[in-house]
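Undergrad: Each chain, letter by letter, is given below.
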Amino acid sequence: MNRVERDARLVVRAQLGDRRALAELVQHWHLPLWRYVRRMTTNADDVTQQAWAAALGSLPGLREPGRFAPWLFTIARRQLMDQLRHGYEGPERLEADIPDGRDDIVEVLDRAQIAEGLDGLAPPEREVIELFHLQELSLQECAQILAVPVGTVKSRLHRARRRLRDLLIAKGYES
Amino acid sequence: MTGSPGFTPDTVLRGMSLRRRVGLVLLGLAGGCGAGLLLLLWLTEPDPLPLRTRAAFAVLTAMSTCWAAYALWALIRMPLFAADRVIAGGLALVFTSLTAVVTLIVAVSRPGAVALAALTTALLTVVAAASVLRRALVRRKALLERLSDPAG
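In order, the protein sequence lines correspond to chains A and B.
Read in order, the letters of the first sequence are residues 1 to 175 in our numbering.
Read in order, the letters of the second sequence are residues 1 to 152 in our numbering.
It is worth saying that the hints were derived from the structure and are not from the lab.
Backbone N, C-alpha and C fix where the C-beta goes; we use that ideal spot for every residue, glycine too.
Treat the hints with caution; some may be incorrect.
Some chain A residues well away from chain B (every beta-carbon gap over 12 Å; in silico) [said to hold, decoys possible]: (1) 3; (2) 122; (3) 136; (4) 149; (5) 163; (6) 168.
Covered stretches of chain A (in silico footprint by chain B; criterion: 3 or more residues with CB under 8 Å from a CB of chain B, positions within the stretch not fixed) [claimed, not checked]: (7) 8-17; (8) 21-34; (9) 57-64; (10) 67-79.
Just chain A, same shape as in the assembly (with noise of 0.2 Å):
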């Protein structure tokens, strides 16, 4: 079973008044949610904990329980974005012929080291880094949580893979 499926069993689950399948899909997110935030401000805790409340509140009403990664992320973006307007302002410059994939970033770098060098990123290459590299996210998944076309988050992909690289390298990394 992956993940979207586990976790819409889980949410089929917990809409029904299971307990169990709440907690377990709690547990499932609490980390990755809180890092999520984590990366993007200093106050996590309560981001994350206004976060969840949120989640939970509209929770019975899920409409598609396999989306619910993205749509808690989702959620948890709207608390972060009042602290975090000014670092998205500006129009985006999208680039042409940027690949799908996380092979090549992935294979210069191991996670550690893509956490490692976030926090030169600016704000929406950070975010867009976490989710893709970090969580795992499809890349249509990213695109629903930022809400922005699946183009622009390739570009933020493609921008924040090149700064990372020369962040990394700055700091000792071999490119």
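Assemble the complex: chain A is given as a structure, and chain B must be docked to it using the hints.
TA: Same frame as chain A, but now just chain B:
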């Protein structure tokens, strides 16, 4: 980046117990139905009541209404899952039916426009409670079917 959250999953789930939610439903129904019956008894009194008795009716009605309002306020702010809704709908049907029976007895013993209006209102609340229960059962059935269907 290292570190760990300053809260646990249990913190997130605090206040989500079934007992708390059912308790609030009971509080709301008892408060609402109690307030309605007190008001009915007060308004259908055939003779003018002493001032202290009227004051007591007013205070008790206000207290019951406040409890019902508090329960409603708290319930709106917490998730109600399918099982909660079925229990809440069942309790609502029981409470409103009992209130309607008492209202009918009052309406027979103290006939009048007020009693008739109260009986009509009580019957409408029974219909509303039955509708809530029916919708809750339909929703629960749909979720159970979804759970048993791997493709769903």
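Undergrad: A separate judgement is required for each hint: does it hold in the structure or not?
TA: A quick look at each hint next to the structure:
No Cβ of chain B approaches the Cβ of residue 3 of chain A within 12 Å, the least distance being about 16 Å, so the stated non-interface status holds. No beta-carbon of chain B is positioned within 12 Å of the beta-carbon of residue 122 of chain A; the least distance is around 16 Å. Against the 12 Å criterion, residue 136 of chain A stays outside the reach of chain B, whose nearest CB is about 17 Å from its own CB. No Cβ of chain B comes within 12 Å of the Cβ of residue 149 of chain A; the nearest lies about 29 Å off, and the non-interface call holds.
Listed as outside the interface, residue 163 of chain A is consistent with that label: its C-beta sits roughly 17 Å from the nearest C-beta of chain B, beyond the 12 Å cut-off. No Cβ of chain B approaches the Cβ of residue 168 of chain A within 12 Å, the least distance being about 14 Å, so the stated non-interface status holds. Beta-carbon proximity to chain B at under 8 Å applies to 7 residues in the region 8-17 of chain A; the threshold of 3 is reached and the given coverage holds. With a threshold of 8 Å between beta carbons, the proposed coverage of the region 21-34 of chain A by chain B holds, since 7 of its residues qualify and at least three are required.
Judged by the Cβ-Cβ criterion of 8 Å, the region 57-64 of chain A is covered by chain B as claimed, because 4 of its residues qualify and three suffice. Here's how the region 67-79 of chain A fares: 0 of its residues keep a CB closer than 8 Å to some CB of chain B, so the rule of at least three is not met and the hint is violated.
Violation of the numbered hints given earlier is confined to hint 10; every other hint is satisfied by the structure.
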